[in-house]
Amino acid sequence: MAPQLLGVLRRPTFGLLSLGITLSFALLFLYSDGFIFFFPYFVLYVPLDSTPYFLLDLVISTLSGIVTSGSIYQLRFVPYVSSRNAGTGLAGMLAAVVAGACPCMYLLPLLALAGGAGGVLGALGIVLNNFQIPIKLLSLALLGLVLLTLERSLGAYCRISLESQPLR
Amino acid sequence: MMKSGRGDNRKVAIGVAAIAVVGAILVLALYQIQNSSRVTSTGAPDPRLAYLTILPGYAVLGPRNATVTIFEFGDFQCPTCDNWFKTQEPQVLQNLVDTGRANFVWRDFEYYGIDSTNASQAAYAAGEQGKFWQFYDLLYTNQGGINSGWANKANLFGFAQSLGLNMTQFGSSFNGGKYLNMVTTNFNDGKKLGITGTPTFFVVGPHGKVVEIIGSQPYSVFQDTVNSMLNG
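For the record, the sequence lines run as chains A and B. First residue of the first sequence? That's 0 in numbering that gives the first Met the number 0, and the numbers climb one at a time after it. First residue of the second sequence? That's 0 in numbering that gives the first Met the number 0, and the numbers climb one at a time after it.
There may be inaccurate statements among the hints.
Which chain A residues stay away from chain B? Per the calculated CB distances, all over 10 angstroms, these [as the list claims (entries may be wrong)]:
no., residue
1, Pro-2
2, Arg-10
3, Gly-33
4, Phe-36
5, Phe-38
6, Val-42
7, Pro-46
8, Pro-51
9, Leu-57
10, Ile-132
11, Leu-137
12, Leu-146
13, Leu-147
14, Glu-150
15, Gly-154
With a straight-line cut-off of 20 angstroms between C-alpha atoms, the simulated SDA-like cross-links for lysine to any residue are [said to hold, decoys possible]:
no., chain 1, residue 1, chain 2, residue 2
16, B, Lys-130, B, Ser-172
17, B, Lys-85, A, Tyr-52
18, B, Lys-85, A, Pro-51
If you only want the chain A side, here are some residues facing chain B, beta carbon under 10 angstroms, derived [claimed, not checked]:
no., residue
19, Phe-13
20, Phe-37
21, Pro-39
22, Asp-48
23, Ser-49
24, Phe-53
Keep in mind that the hints were calculated from the coordinates and are not lab data. Quick reminder that beta carbons are idealized off the backbone N, C-alpha and C, glycines included.
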């Protein structure tokens, strides 16, 4: 049996939504981690020793896209569903964004130079910078967990629907 | 038991969608920030040139009168600067600076705190004894976590001692704040240049042409930029 989420992604709206979110997140993470540059011209540069980070960024982006569109599908079409999945997915994506933004050579200086609240956020960013990889792995785990439960709940819903059909 | 209301679901859906939208906006904002400080080099002289001159106190690698100058604005505690130092700088120095095609000037732009400021002052104080670049190498080679203490005063003095510097002279310059003014000037110049992160490079070529390179970009970008300036 094909995975339920695959069925969701085959729908043009959700497939495109997933692709759009994946690309947006990938762009954000790869830019933040210094894998892509726009000036003086566009460059994608992945040093050999940074390949695991690059792959981690791509996997988290892809999972974020799938989980988001899957969650929206679930909330839209599956009645009486718990919002816990979507909440966990949100936490996973937040963790990914935090991990992606913390070491960002563009964001930290801006915060640090802003003074006041920006300075405090900058200081927090410096602390979180040391935990970038654990946060990214946490994000991966959360998104993976949501993916599994989403798949399970969508499958369960389909089964119930079929079984509840009156016999003719 | 599934008794969450549709209102809760809607809130979560809005939150999830918001994250995606924020991600996209952030990308556009970052792109805009990078783009905002660019000034075309056609027509009027580039105003950034006012802050991109080699002043007497600066340590310069390569011929002082080279046609092209690569300015780096960096922070000794910045991990990305360290990454560039270890992965790209050797090629830049070997192929562009050692061959006399360009010279290289390092200027500090600190935002990580007092250890960064002290590290820069210590490097300038070492430069007074002709060992700026040795001190620079030592700092990046020994870089630890941001504000973890690896660049505190005791360690900076230790680095100076390991290079065989005259410690009386070094201590006098460092403790007397002889280079604090230079650090402040570099920082203010950096802000006027619109620096939003480190490392940021400005490649200054003939006819007042300036190209800004942000981040730990590969050697090929520097090579292409210098080549285009020398051939253009």
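Cross-check of the supplied hints:
1. Pro-2: For Pro-2 (chain A), whose nearest Cβ neighbour in chain B is about 20 angstroms away, the distance exceeds 10 angstroms, so it holds.
2. Arg-10: The claim stands: Arg-10 (chain A) keeps its Cβ more than 10 angstroms from every Cβ of chain B (closest is about 17 angstroms).
3. Gly-33: violated (5 angstroms)
4. Phe-36: The claim is violated: Phe-36 (chain A) sits with its nearest Cβ about 5 angstroms from chain B, within 10 angstroms.
5. Phe-38: Answer for Phe-38 (chain A): violated, closest chain B Cβ roughly 6 angstroms.
6. Val-42: Val-42 (chain A) not clear of chain B: closest Cβ-Cβ about 6 angstroms, inside 10 angstroms.
7. Pro-46: The claim breaks: Pro-46 (chain A) does not keep its Cβ more than 10 angstroms from every Cβ of chain B (closest is about 6 angstroms).
8. Pro-51: At about 15 angstroms from chain B, Pro-51 (chain A) clears the 10 angstroms cut-off, so the statement holds.
9. Leu-57: holds (15 angstroms)
10. Ile-132: holds (13 angstroms)
11. Leu-137: Per Cβ check, Leu-137 (chain A) is outside 10 angstroms of chain B; nearest 16 angstroms; holds.
12. Leu-146: Fine: 14 angstroms to the nearest Cβ keeps Leu-146 (chain A) off the interface.
13. Leu-147: Correct as stated: the minimum Cβ-Cβ distance to chain B is 17 angstroms, above 10 angstroms.
14. Glu-150: holds (17 angstroms)
15. Gly-154: holds (16 angstroms)
16. B:Lys-130 x B:Ser-172: holds (14 angstroms)
17. B:Lys-85 x A:Tyr-52: holds (18 angstroms)
18. B:Lys-85 x A:Pro-51: holds (19 angstroms)
19. Phe-13: At 13 angstroms from the nearest chain B Cβ, Phe-13 (chain A) fails the 10 angstroms test, so the hint is violated.
20. Phe-37: Holds. Min distance 6 angstroms.
21. Pro-39: holds (5 angstroms)
22. Asp-48: Holds - the Cβ of Asp-48 (chain A) comes within 10 angstroms of chain B, reaching about 8 angstroms at its closest.
23. Ser-49: holds (9 angstroms)
24. Phe-53: Because about 14 angstroms separates Phe-53 (chain A) from the closest Cβ in chain B, which is outside the 10 angstroms limit, the hint is violated.
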